[in-house]
Every structure is written in structure tokens, then in C-alpha cells.
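Protein sequences, first through last, are from chains A and B. Heads up, the first sequence is in the working numbering, so the first residue is 1 and it goes up one at a time. Heads up, the second sequence is in the working numbering, so the first residue is 1001 and it goes up one at a time.
None of these hints come from the bench; they were simulated from the model. Worth double-checking, as some hints may not be accurate.
To be verified - Quick list of simulated restraints, FRET-style, between CB atoms:
1. B:R1432 with A:Q180: 51 to 57 Å
2. B:G1079 with A:Q180: 53 to 59 Å
3. B:R1193 with A:G215: 51 to 57 Å
Built from N, CA and C at the ideal position, the CB exists for glycine as well.
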Amino acid sequence: MESEALHTTAPGGGPAVYLFVTCLADLLRPSVAFNSIKLLEDAGCRVTVPLQQTCCGQPAYNTGDYKSIIPLARQVVAMLEPADYVVLPSGSCAGMICHHYPALLKDEWHERALQVAAKTFEITTFLSDIVKAKRPERPPIPLPPITYHDSCAGLRELGIKEQPRQLLQEFCDTQVSELQQSEVCCGFGGTFCAKMPEISGKMVQDKLHNAAATGAGILAGGDLGCLLNIAGRARREGVAIEVRHITELLCGDLDGPAIGEGE
Amino acid sequence: MQQYSDTFLDNASAALADKDKAEVRDAMALFTPLVRNAAMDQFQHFEELRQHVKQVRQHSLDNLGHYLESYEQQAVRNGNQVHFATTGDELNSIVLDICQQHSARRIAKGKSMITEETGLNAFLERANLDVMETDLGEYIIQEAGETPSHIVGPALHKSAAEIRQLFLDRHDLGERELETTEDLVSEARQVLREHFLNAQVGIIGANALIAENGYSMLVTNEGNGDLCANLPPVLIICTSVDRILPRAEDATAMLRLLVRSATGQAQTCYTSFYSGPRREQDIDGPMETHIVLLDNRRSDILASDYREMLQCIRCGACLNHCPIFASVGGHAYGWVYPGPMGSVLTPLLTSLEQSQALPNACTSCGRCAEVCPADIPLPDLLRDLRHAEVEEKIAAPRWRQGLKIHAWLARQPRLYQLLTGMGIALLYLLGRKRGSFSKLPLASGWTSQRDFPSPQGRTFMQQYKAEHKHRE
Ligand code: SF4
């Protein structure tokens, strides 16, 4: 049955990595998923994309609907169990699996969730800390000056700070010009941005202006939620800064339109 | 205090529209975390001490009955009269009774969030008492007829220019100048001094109650607490039952985190321990002292899943680090306690229905929990309150239903992929040229503030499956 088939893209001796694409990459930014596969394969991993994946359930979870999420969380845990590692191109979705699933699920499922959590990583952490990825045999990808947005869940739930910067150094020979107040939330917050748009608008405005003030041509980040928020605001205000996911930068995939830009 | 949390969104909207005030808030949002973080960097024992303080707080709360009893015994032995108030109204009546027993007309009051919670000032004023706040910030907002915007700095929302204007309007200045900030402070001092000397009753709060010796501890930077406590013949200390700590050393351990977290100082200018009324050999101090301990639903919180909230030591760090507090200011929250701690406490101390927006005023960014010296998982507690809103059907039906359907759909991969595939294909078709939408049905919240980026093409799942079919 197709929906249960698992696709292994690069047979080899490396660890079996299950890629959880995340719903936002699946729907709005497939290049993030394709570039993730490429980065993982270049690092010697056998990549499997479970075809029955959808969403980790954060929207309902953050809204407080724990009941609806429990069966979904179990389904995701069961789907990911065969992997050596689970990798996600998102700090907040990785945080959901690593921290919130185990807190939400009880008894046998709690144990299973903990086991999956132990092998689940956000992609820059995985590349930098676990497989210690090196730049493939090619010259560094030249980039305009870039600034980086640390997503809150990545930063505070998973401690992601140095990893993306190290990778940008390694793959692109680029240093990040840090934006002021870099550890303050961009105002996305899942459903928050739609429930409290005015407050969220003020927060993303501050973030965008701090990013623009660095003079960077690209704002990169590891979480599509934040990036869609910031890119959308940049479009609204007419601020010329390209917003891209870090996986695109690491693969030099810069020809297509940035987030929110037309073809 | 009167509550208007139910209009949080409107309050927030009005606050955002006031550009001058927004500037003051932006400056505070930069400054307050800076001083706190500098103090912690120097201190270097934050995590260690935080775990210790958390344990002490949890232990005290786990044995609240026991420690309250020994506190009461010790305090009575020291010559205090101890009163317990179940509700805010009860506290107010106890305090008024004491004032009336002494035919008091003038009350000098130190900063106390508990009496804000019970609305004590208004209550005493209705009985024709002349109550004057003596903490500079509290004095300013009392003059302005406002309520505190912050639990540590009640007047942080006010600029020096505003305060100058306020004093010009309210005070008969005579020869006195209000040019500099020093002038403003000495103006307030002049007015307050006179009141201290003539008050018959002093009312203060407490940062901790020490069970082993029956003392209460208070920290201030102005010394006004000590003047309230020592000049009038009668002293009333109003605080809540959860302030209890077993030993004096627990109070000082807490202090090391409290002050750094609050103002970035290693110590406040004044740290006072009040034992009771003047003893024979004392040269000053009140003749009579009362301690009024408020419960106001704290026992209920203790018995609930939100009990960690009672570990709070009222430092205000979570407010200072909250981007939502920074955006809208304390008044928008519509009651005594704003920011993350207030968004948890307000629904618990009042009602979830009346304050249902507050638990939603959170992006789960986690900055508050990161700095909280009591290690309270504030974002988790806020999400649990949202859970309660879903369970009690307080949450807006459109969110409840919509996300329930989404969660269900996410469990049906084939259907999910089919539907999202169709939706995304359509969005891509409409949005590919411009790259984003400035309006989108069902997403008006999003598009009111920002464009919605168009999808990059067909969904990943569609593309990936097609590719693999092709390969096979
Ligand atoms: S919740 Fe924590 S950070 Fe906030 S006031 Fe209380 S102790 Fe301070």
C-alpha cells in the first residue's frame, strides 16, 4: 500500500535517517525538504521519507487541545520508531517531538515517545553535532552578507545557536552579522499571530527592522513559521531582504524566488 | 481592584496606538533585561541557587499548614497579632477595623501588591481615611489616579516629563523647582515626609515570612517601608500565605536571586526584618503590630495542577523579558498582575472566563521561563490554561473546531495529502507571480499585518511521490 511505503533515497552504509519534512515545508516550501535530503545524503546518511507523514500537531497542541493531539502523537511516534535518527528542518517541530510528546503521552506510549525523542534532531544540530558534516568537494558558496533569526523553540528548547553559524562558516565561508535583540521572539507563535495580530504585527515589525538594520541581503533561519512571518512582513512593508531557510543556503539553492517573492 | 481583562485585545490595541508610551516601553524592554543579565553574569550561581530556591519554595508550600502554624506561634510570641483572611474583602475589613479601633485618619502605605489585589486603598478611602502611598512609583500613580503597570516598578510606564506635569498640576509648589529628576524626587519626598510624621497607621507588605522566628522580611530601595513601619504607632503587614519560608537563611537565599532578577542590583538599599512591636529597650518602632495573611484562592491553587505558580517570588523578570508585555504594557492585562506571571495568576485568582485572552497572550517563546528565578514553567502553565479553556468551551468555537478538524485530518495521511495538494495547487496558481497574498480568505488575522507567502509549487509530497514513481 502506497501510504505505508518507505522510500530510501541513498542506499549505503550510513545511518538510516527518517526525514520529517514538517507541514509548512511540505505545503509552502518544498525546497527545504529537498535540500534537507541532499544535505543528509551528502553527509552519508540513508534518507527515508515516511510517506504517511503530515503534521506534528503543534497548532492544536498550542491551542490547548491536548485530546485531539494524543492519537496523532502516537501515530507519529509509531511511524518514526524504525529510524536510527529522525531529522526535522525545524526547531519547533523537533521540540514538539523531543519535549512535548513525552510530556503528553502516558504509560507505554510515554516510554516509546522518549525513545523516539532521544534520536530526534533538528537538522542543523544533526549536521553539526551528530554527523559533523563537512562541505562537499566544491568551493564555498558565495553569499551576500547574511543575518540569522534564532527561532525561540530552537534556541530555548533545543539550545540551537552555534550550529547554524558553524555550518554557514563551513559550507559558505560566511559569518552572520547578528541582529539586535536576536533572542527576542518574532511574534509568530503559531496561532498567536492570527489570534492577536496587532501585537504580533508590532513584534514582527521590530524583528524586521532589526534585521534590516544589519545591512544584510539575506535573513536566514531554521524555522519556516518565523520565516513566513518575517518574509510576509517584509513584503508588506516593501523592505528588500531575502528570507530563506538555512538548508537552501547550505546547498547554494539561491536561484529560485526567496520566501514571499514572485517568480 | 476592578478588572478589565476581558477587553485585553482592545486594551492592547489602544496601547499600541499610543506612540509616546510605546517608546517608553521599548526603552524599558531593552534596559531591564540588560541590567538583570549583567547582574546574573557577574553572579554566576544563577542555576545552582535557582534550583535551591525552587526546592525551598516547594518544600514550604508542601508543608504550608505546618509552617504557617509555627510562623503564627513565633509571631505571637514576639507580640504581634496575626489575622487570617480568606478573601480580599475580609482582609480589607480586618485592616479597617484596626484603623478604626485606633481612630486613625491618616495611613502611610508602603508598596504591597496584595493590597492592590484586595483594593484596600479604595475601601479605606470610602471609610474616609486618608491613605497615602509612600513608594515613589506608587505615589506617582496614586497622584495620577492610575494602577500599577508593573509589579516591581509600578510607574515604569511614565516618563519624567509626564511626572513633572503631574506634580505641576497637583502640587502647590510655591518656590520649589521641578527642573531636574532630583527636583521631582525631592518634591515627592517633601510631601511624603509630612505624611509619614502624621500618620497613625502604617501599612506595608512582605517579601517573606520566616517561620522559625516569626519575622517578616521586606526589601525596598527608598526606605519608605521602614518609615511606614517605624514612625506611626500602629503597623499592619499585609501579605499572602504563600510568602512563608522555613528559615531566615532561606529568605536570604531567595533574596540573592530576587533582587538581581528584579533590578539587577546585588542588594536593595534596604533589607528589613520586622519582629514585632517596640520592646522595652527599643528607642523606636510601632506600639502595636498586626499581620494579616490573605489566602484568596491560594489554597485552591495549591491543590491544583497550577501549584508551581505559587513558587513565584514576585521579581518581575518574566514581565521584563516578555515581548508581549513590552508591546502592550502592564495596564492592558486589566488587573493587578501583568505579563506571564499575571496571565497565569489572573485567571486563577479571578475567573478564567473573565480573563480568557490572557493565557493566549503568549507565543511560547520561553524567555520568561528561562529567567524565572523560581523556575516556574510559565509557558506550560499558560498552555494548560488554554487547555482548560478548550475543555470548558471558553475558547472561541472557530479555533476549537478548526484545530480539532486539522488534528483529525493530520491523522488521515491520504486524505490530508489529497486536500492539501489541491489547495496548494490553487494557491500556487494564484500567487506564483506576485509571490505573496495581501488578502486571503480565512487568514484575515495573518494578512492584517503581513502578506501571506505563496507556496513554492506543488506540495513536497506530490513532487516527491511523482519523482519516485518516475524512478521506479
Ligand atoms: S513568575 Fe518567576 S520571573 Fe515572574 S515574577 Fe514570579 S518569580 Fe519572577
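Right, here's what the structure says about each hint:
For the hinted restraint 51 to 57 Å between R1432 (chain B) and Q180 (chain A), the CB-CB distance of approximately 34 Å leaves it violated. Hint check: G1079 (chain B) to Q180 (chain A), Cβ distance near 55 Å, so the stated range 53 to 59 Å holds. R1193 (chain B) and G215 (chain A) have their C-beta atoms about 54 Å apart, which keeps the hinted 51 to 57 Å range intact.
Violated hints amount to a single one, hint 1; each of the other numbered hints is respected by the structure.
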